[in-house]
Amino acid sequence: MHPSKLQSLCLSLLIAYIAILLPWSGIGLTLRPDFLLLVIIFWMIRAPNLCNIGTAWGVGLLMDLASGGVFGQYALAYTIAAFFAATYQRRLVLFNHYQQLLYVFLLLLTSQISLLVLKMFTGSQPAGWQYFLPSISGVLLWRIALMLGLKTGARSSGA
Amino acid sequence: MIKGFNHKLEQQPAPAFFVRGPSSFARLAFFSALSIALIATDSRLQYLTALRQDLVALLQPLQTVANAPAQLYRNTDEYFTAHHNLLNQNRQFKQQLLKQDAALQRLSTLMLENEHLRNLLQANKALEESSIVGEIVHIGRDPFTKKVIVNRGDNDHVVAGAAVVDAVGVIGQVTRTYSGSSEVTLITDTSLAIPIQVERNGLRAIAFGHGRDQTLDLPFLPANVDIRRGDVLVTSGIDGVYPAGLKVASVTEVKISADSPFARIVGVPTGGVENHSQVLLVSLAHSEMWEGDEVITTPKASTKKTRVKPAPATNNPSKIHAPQ
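Sequence lines, in order, name chains A and B. Letter by letter, the first sequence follows residues 11 to 169 of the numbering used here. Letter by letter, the second sequence follows residues 3 to 326 of the numbering used here.
Rather than coming from a laboratory, the hints here were simulated on the basis of the structure. Where is the CB? At the ideal position from N, CA and C, for every residue including glycine. Certain hints may be false.
Ranges of calculated distance between the beta carbons of each label pair, as one might list FRET restraints [claimed, not checked]:
#, chain 1, residue 1, chain 2, residue 2, range
1, A, Ala155, B, Arg202, 35 to 41 angstroms
2, A, Gly68, B, His86, 31 to 37 angstroms
3, A, Ser147, B, Asp103, 47 to 53 angstroms
4, B, Asp103, A, Gly138, 42 to 48 angstroms
5, A, Ser147, B, Ala104, 51 to 57 angstroms
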């Protein structure tokens, strides 16, 4: 279909995964944005035919492997976030940058909340409010990527 | 002509915009069901353990790549450390070695004496332990659990259930082993319980991890229990997991309220749970030594919450207290 796009999709996923595998600790770990989900959302907006809910599920499994938790938790959280990304993908071309940021933020939050619910079911302690910081850092990362000229399909706010 | 035109139309692939395959709702339902099935299988049954080990082994090269920058930084940092720093450190170590040598000499005579006395009493020999030094590779990535990954695994004969200690106290227990690394659950994790003994009076109890902050709880102890602030808690060794006499925590808070029959006792781990990188993995010798006697197997920790609690006695902690 688009071999070049497929290559860049795989490459960006690989880089995001290595970023997740970096030895984060302390504040870095608390703030670490969910690089994989950001990449997934980006590609679901840019190339919905290449990256769909199934891709998100598979990548979620990889994330489960990296986190060492119960298999399927991240997979389900990513699937849910990807579902909303897919549902509103066509509407997204009407959004400007700030609306898109809000949308991405909500998607990140959706995945985190579903993960939180799953963790509660499997008997974890409730996490503090810092748990939601990665969503904010994720949106900031998205904003930086926009400023660096990444095309995410949104209209620039001036237009 | 018209027929040919129609034919041409049919040959054209539909624009990518419309090619979507199954609806996204169908995909959501399918993949959610798959995830839930996986969660159920992994949390209740043990089928996926081997699969996970293989996959983690596959991930090892990626992990090495990810660790490379930090490793490089550490190496260069070490390389440029000032000369006199090293000299100072060296002097310190020498002094420490001298002190420890003296202590060790006393220990060896004590051990001989102890063995002799045990022989006289015809008591079981104390368990011998084998240990291996490991390095913490990275902190666990799950904010809900307290886990670290150590660079020793199946290849170094680390078994699930081995105790992990540092120079000042117990850190945790190996809960999962991979080929080149293993996962250590810290004693502050909610799923880990550790049988302890108060150093001052020998009172036995069980400490549970508190999860969020770096503390341990001693639940189900009566309000009149003889534990004070500043008491040192050491491992009791009755579980066959942790060698006896290692420091675990010191008590920081004892609260007795009129409306509860139990005291609220909180301790802070003495081991540098979060700030050391070198740890010692200690596994007690298994039941082969105990042939002829009743067989006591070292309980192995697993990911299952109920099995992580090491001692069988954890089922009813209130039974373990020393008589009041």
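Status of the hints after comparison with the structure:
no., hint, result
1, A/Ala155 to B/Arg202: 35 to 41 angstroms, "violated (59 angstroms)"
2, A/Gly68 to B/His86: 31 to 37 angstroms, "violated (54 angstroms)"
3, A/Ser147 to B/Asp103: 47 to 53 angstroms, "holds (50 angstroms)"
4, B/Asp103 to A/Gly138: 42 to 48 angstroms, "holds (47 angstroms)"
5, A/Ser147 to B/Ala104: 51 to 57 angstroms, "holds (52 angstroms)"
Against the hints set out earlier in the document, violations occur for numbers 1 and 2.
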